[in-house]
Amino acid sequence: MATKRRRFPIPTRKTIPRRDIPPLVTRRQLRRNKGALLALGFLLVLGTVAVLAPAVAPYDPLAVDVQEQLLAPSWKHWAGTDLFGRDIFSRLLFGARVSLSVGVVAVVIACVPGLFLGLIAGYYGRRIDGVIMSAMDMMLAFPGILLAMSIVALLGSGLPNAMIAVGVAGIPAYTRLVRSSVLATKRRQFVWAAHAVGCPTRRVILRHILPSVVAPVIVLATLDLAWAILSASSLSFLGLGAQPPLPEWGAMLNEGRGYLRQAPWITAGPGLAIMFTALSVNLLGDGLRDAVDPRLRTGA
Amino acid sequence: MLRYIRRRLIPSIPLLWGVATLVFLMMHVLPGDPAELMLAESGGSSQAIAQLREQLGLDEPLYAQYVRFLANALRGDLGRSIFTNRPVTQTILEQLPHTAQLATAAMVVAAVIGTVLGIVAALNRGSWADSLCVTLAVAGSSMPIFWSGLLLIMAFSSMLAWLPATGQGTLKHLIMPAIVLGLASAGSFARLVRSALLEVMNQDYITTARAKGLSERLVVCRHALRNALIPVITVMGLQFGYLLGGTVVTETVFSRRGLGRVVIEAILWKDFPVVQGSVLLAAVVYTFVNLLTDISYAVADPRVRYD
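Residue numbers (my numbering), protein chains in the order written: chain A, 26 to 325; chain B, 1184 to 1490.
None of these hints come from the bench; they were simulated from the model. Treat the numbers as computed from the prediction; the structure is a model and nothing was measured. Built from N, CA and C at the ideal position, the CB exists for glycine as well. Heads up, some of the hints might be wrong.
A few chain A residues facing chain B, derived, Cβ under 8 Å [unchecked claim]:
#1 L65
#2 P79
#3 D162
#4 T210
#5 N307
#6 L308
So these bits of chain A aren't anywhere near chain B, every CB distance computed over 12 Å [claimed, not checked]:
#7 Y84
#8 L87
#9 L95
#10 F141
#11 F167
#12 L263
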């Protein structure tokens, strides 16, 4: 009997080989994905540059200089200058600050209430679930960006409102995801065991169920970050988000629209910046998804 | 089949009612009085604001406004624009064909490009062609519509002068907007077709087809693709909402007429009846498209009906 037990030990923290602990598996999988690693590198550099923008930007992003209007890229102005003679490279660096923080804040606005509502809907079920999910279905009946636009219409144009609008429009996706994970988790044995030893409900939800839904939420949040950055820059492009002279990539593109022929560099810089940022976030999100959930693996 | 349609149709009635209620509440309960917002910029007097409130019926109790809004909406009356004084329904119906044309063309572009990329990737799984297709798909969905639109205008209108940058009417006017909007969605199609095809290729009936000695082309076209393309119907429905939202930006970039332009102008001018009407219409259309998607899915895959 005793020997049998030794041959088939119950997996515990101590008996699972270190390399099979889930977060380390994820990290190892992610390391194998060159695209995701490259994307992570780009985002880290971008994040650092965004934080250090005041120190590394060669010029003041708002300084108008009529002598230097519409200059092509040169050693003096790496990405050229715009209609007001402002240095585009400096504006791009400060724009990274705006775009990244808008994206992150919008994702937090979407994620936190979505997580909360999803946990409640999934755990309590019945009427609470019915009410929450019908409300989410109603929100999902609006195409995302249109919902964001109507929220901006009511709150008024401007970056903070655009951020809130994009965030609120993202809530239903999290609620749905978390709810379905909770539904699967709450019938697992360890949850019953927690109830059986007298854990209060709040503790069961927060300590036992929440950790198991965190991984898919992180993946969704990463992919959602790309959507949030693109949507917020679209709103700014349409004149509903960041207002001039704030250096925001979408708004900068809008300013350069009239000078496509004369000065294509005004739109080129911010366009490439948005594209590479969204691309990196998407690649990282895909990599994370593959690493967290092997069934969804694209390369498999 | 009829039973399935009925079962799917009935929940959409309370959903539509809820959507109408949500639109109403957004316009009436959120902070900010439409009348004040509209007149704030022109510095309207409190008398003018009161007059406008009366004109819009905002002085009535909320429930009375709500009942009137629902009753009118059911009859197809979405109020009048504050600026042009034209019925909102008329404005929407005039612009709807332009947007529908753009969205349909974009959907075709997305489905064709996405399916081709997906098939190439799945059939060359693990090779450089696979990586290239997957990267292209991600790049497509990472490209902001306004940026790819401006790039195409720069290349094909400013430099080569092949296609008109703005306006509408002919097929030439539709090419660039449809490509720009379609490319943004093609990525989702490509990924889905790829994973669906990979899954189908592992099924027993594919092995059987190969064992019978069918050529690889027949195996793929006749046995695998037919089954792999079923989930594409679902994505078409979901992507329709994305395309509907995308038309707003596309129409702005290419200065096309359409519902998207109406919405964005109404938002900028704070023409609330128009915003309310068009958002409501978009949601209703999207809900119906999703319903149609579900039904066509059941037609294509009978298993769905017996769930």
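Check your understanding: Any of the earlier hints contradicted here, and which numbers?
Key -> As far as the earlier hints go, 1, 2, 4, 11, 12 are violated by this structure, in ascending order.
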